[in-house]
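Using the sequences provided together with the hints, build the complete structure.
Protein chains: 2
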Amino acid sequence: MKELVFGHKNPDTDAIVAAKAYAYLQNQLGADAEAVALGAPNEETKFVLDYFKEPTPRVVTTVSNEVEAVMLVDHNEVQQSADDVKDVTVTHVVDHHRIANFETAAPLYYHAEPLGCSSTVIYKEFKQNDVEVPASLAGMMASAIISDTLLLKSPTTTKEDVVALKELAKIADLDYEAYGLEMLKAGTNLSSKTEEELITADAKSFEMGGKTVRVDQVNTVDLDEVFAREDKLRAAMEKQSSEEGFDLFLLMVTDILESNSRLLVVGEPKDVVEKAFEKTLSNDKMDLPGVVSRKKQIVPQLEAAF
Amino acid sequence: MKELVFGHKNPDTDAIVAAKAYAYLQNQLGADAEAVALGAPNEETKFVLDYFKEPTPRVVTTVSNEVEAVMLVDHNEVQQSADDVKDVTVTHVVDHHRIANFETAAPLYYHAEPLGCSSTVIYKEFKQNDVEVPASLAGMMASAIISDTLLLKSPTTTKEDVVALKELAKIADLDYEAYGLEMLKAGTNLSSKTEEELITADAKSFEMGGKTVRVDQVNTVDLDEVFAREDKLRAAMEKQSSEEGFDLFLLMVTDILESNSRLLVVGEPKDVVEKAFEKTLSNDKMDLPGVVSRKKQIVPQLEAAF
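Read top to bottom, the protein sequences are chains A and B.
If you're matching positions, the first sequence starts at 1 in full-length UniProt numbering and goes up one per residue.
If you're matching positions, the second sequence starts at 1 in full-length UniProt numbering and goes up one per residue.
These are computed hints drawn from the structure, not numbers from a lab.
Being a predicted model, the structure only gives us computed values, none of them experimental.
Ideal placement from N, C-alpha and C gives every residue a C-beta, glycine not left out.
The reader is advised that the hints may include incorrect statements.
Away from chain B, derived, C-beta distances all over 10 angstroms, residues of chain A [unchecked claim]:
hint: 1; residue: 84
hint: 2; residue: 109
hint: 3; residue: 152
hint: 4; residue: 186
hint: 5; residue: 194
hint: 6; residue: 234
hint: 7; residue: 239
hint: 8; residue: 259
hint: 9; residue: 299
Below, a list of computed lysine-lysine pairs in the BS3-like style, where the Cα atoms sit at most 25 angstroms apart [unchecked claim]:
hint: 10; chain 1: A; residue 1: 127; chain 2: B; residue 2: 124
hint: 11; chain 1: A; residue 1: 153; chain 2: A; residue 2: 46
hint: 12; chain 1: B; residue 1: 159; chain 2: B; residue 2: 211
hint: 13; chain 1: A; residue 1: 86; chain 2: B; residue 2: 211
hint: 14; chain 1: B; residue 1: 159; chain 2: A; residue 2: 127
hint: 15; chain 1: A; residue 1: 159; chain 2: B; residue 2: 275
hint: 16; chain 1: A; residue 1: 86; chain 2: B; residue 2: 296
hint: 17; chain 1: B; residue 1: 211; chain 2: B; residue 2: 275
hint: 18; chain 1: A; residue 1: 159; chain 2: B; residue 2: 127
hint: 19; chain 1: A; residue 1: 124; chain 2: B; residue 2: 127
hint: 20; chain 1: A; residue 1: 124; chain 2: B; residue 2: 46
hint: 21; chain 1: B; residue 1: 185; chain 2: A; residue 2: 296
hint: 22; chain 1: B; residue 1: 285; chain 2: B; residue 2: 211
hint: 23; chain 1: B; residue 1: 296; chain 2: A; residue 2: 2
hint: 24; chain 1: B; residue 1: 159; chain 2: B; residue 2: 124
hint: 25; chain 1: B; residue 1: 124; chain 2: A; residue 2: 124
hint: 26; chain 1: B; residue 1: 127; chain 2: A; residue 2: 127
hint: 27; chain 1: B; residue 1: 86; chain 2: A; residue 2: 211
hint: 28; chain 1: B; residue 1: 9; chain 2: B; residue 2: 185
hint: 29; chain 1: B; residue 1: 159; chain 2: A; residue 2: 2
hint: 30; chain 1: A; residue 1: 86; chain 2: B; residue 2: 275
hint: 31; chain 1: B; residue 1: 124; chain 2: B; residue 2: 296
hint: 32; chain 1: B; residue 1: 2; chain 2: A; residue 2: 159
hint: 33; chain 1: B; residue 1: 193; chain 2: B; residue 2: 46
hint: 34; chain 1: B; residue 1: 285; chain 2: A; residue 2: 275
hint: 35; chain 1: A; residue 1: 296; chain 2: B; residue 2: 46
hint: 36; chain 1: A; residue 1: 193; chain 2: A; residue 2: 239
Here it is as structure tokens:
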């Protein structure tokens, strides 16, 4: 019985690559799996797919019209998944995030580890099952690790990510440091994007203390270039919040060279943001030195403050 | 930093053995882990601990007074866990049940597989980490698989449980078929138990459709012997439901030799039970031929009917 494999909405490189990698592994193990995506690839992912001459996965928004069962990678929370994920059976999850808003009626395969990247978890499964990683897939999985760990500089980076990246780069015959910088920069071409695109591209929703909290992350090599567009960004965030019902919207702009972030906050309760990071907002903005990871340095702190 | 490792409330053999096995594995891998239990061992588990001359784990009801972090085995749902599990960080879960009522603030290690027994999942981790299983632990893990799969006869049994049981029995130098029957019979000595004990010993709570549903399973070699006590069992279930706030209480009495079960149902909504099993209740009772697994043949069907 065919199953679809996909990462979260607003896919980043890991969401798309992990789906491709897990579908490949499952097919090698005898399943009938197709990797799809819940959105079009971003600039960085396009660079990766071009570089390794790999096809873009088919984009879907619903899955129950095609299959009865699915495998989730790089997410588990229902609001980050396919719109109708509740109408299908989730048979597998491979992830590296917290577990929340996830419930099944029956036992399933669930493999999550607190590592920097889903593709690192999947690489471990290739090894456990003695399945070889083809060179181009290894290159894409290396790219996903570079993307999620900002070239091993994010505090989410673990020893296992370092080992996996080095081994995958070797299989792909890739100079991962030179390639990685080129890839990350390809993802920070922000000037061609509208404000609406910037606040949507890598955004995720979370339920916290009864509120819907939206957190978007934008990577850049120049914070000031992004904040020159602050008024328009703020207007776009307010518009989207009222249209989509977000109570609180955090835009996290991350300088990937300096490893710092600046927040822009719209909505309420703003005092929870100040409590979470023990810092005062100034014109709804806050500098967070050393903060680059939404998953490790933003979401748990907000969760605790709520 | 020390962590406690434990299975669900009203522990069965797998809940206690899996905690011991996982604590042993984690300590071999460098953690500081102690196996504890959320209740005293039942008759079957006492037989197992005696047979392999293993100490009974310390019984606790709360954990935050001792540690900041815990590892869960053989369960994940909050109502089946330590009373104050929300006050500690769950760093690891190893399980073989559905995922529900479980939420974390941060990423964690979570390894669940749809296999017959948690100890089978843990045995796979011993292998993945190249850690040897000591003989007495192997005997206990074999016992847990025999217990959960009713000597490989339950429909929850998978190929991996069969392989694990055979390998563990070999390590323990155990004739698992002869030993298994002896062990299962030791667990069905019901005459010495009060009705209160019978409806509590292996009971689990589930949240379904806004209702608290209690499902207890009692293994026997003679259904009629148990139902000779029907009036007293019913009275005990009604009393406990009103004291503990259970909306619906199912007592599932399983003949482990014939692989059949008979349900006794107290509370409401009873029509959901009839819908779940497509069968009419007669005096609040229902025979379910071939049904031996709460997890696979009762809970998902109830969940779907709700």
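- Query: Has the given pair, residue 124/A with residue 127/B, been kept, meaning a C-alpha gap of at most 25 angstroms?
  - Reply: This hinted pair holds, its Cα atoms lying about 14 angstroms apart.
- Query: So is residue 109/A really clear of chain B, every C-beta pair being over 10 angstroms apart?
  - Reply: Since the minimum Cβ distance to chain B is about 5 angstroms, residue 109/A lies within 10 angstroms and the statement is violated.
- Over 10 angstroms to the closest beta carbon of chain B is the bar; see if residue 299/A clears it. Answer for residue 299/A: violated, closest chain B Cβ roughly 8 angstroms.
- 10 angstroms Cβ clearance of residue 84/A from chain B: holds, 17 angstroms
- residue 9/B and residue 185/B: Cα distance at most 25 angstroms? holds, 22 angstroms
- Query: Between residue 159/A and residue 275/B, does the CA-CA distance stay at or below 25 angstroms?
  - Reply: violated, 52 angstroms
- Starting from residue 86/A, check that the Cα of residue 275/B is at most 25 angstroms away, please. holds, 21 angstroms
- Task: Quickly compare the C-alpha distance for residue 285/B and residue 211/B to 25 angstroms and report which way the hint goes.
- Result: Holds: residue 285/B and residue 211/B sit about 20 angstroms apart, inside 25 angstroms.
- Can the restraint linking residue 285/B and residue 275/A be considered satisfied, given a maximum Cα separation of 25 angstroms? Cα-Cα ~55 angstroms, so violated.
- Item | 25 angstroms limit on alpha-carbon distance, applied to hinted pair residue 159/B and residue 124/B | Within the cut-off at roughly 13 angstroms; holds.
- Query: Are residue 193/A and residue 239/A close enough, with their CA atoms no more than 25 angstroms apart?
  - Reply: Holds. Residue 193/A to residue 239/A sits at ~17 angstroms (cutoff 25 angstroms).
- Message: Holds or violated: residue 159/B and residue 2/A, Cα atoms, limit 25 angstroms.
- Response: It holds: about 22 angstroms lies between the C-alpha atoms, which stays within 25 angstroms.
In the structure shown, a violation is registered for the earlier hints numbered 2, 9, 12, 15, 20, 21, 34 and 35, in ascending order.
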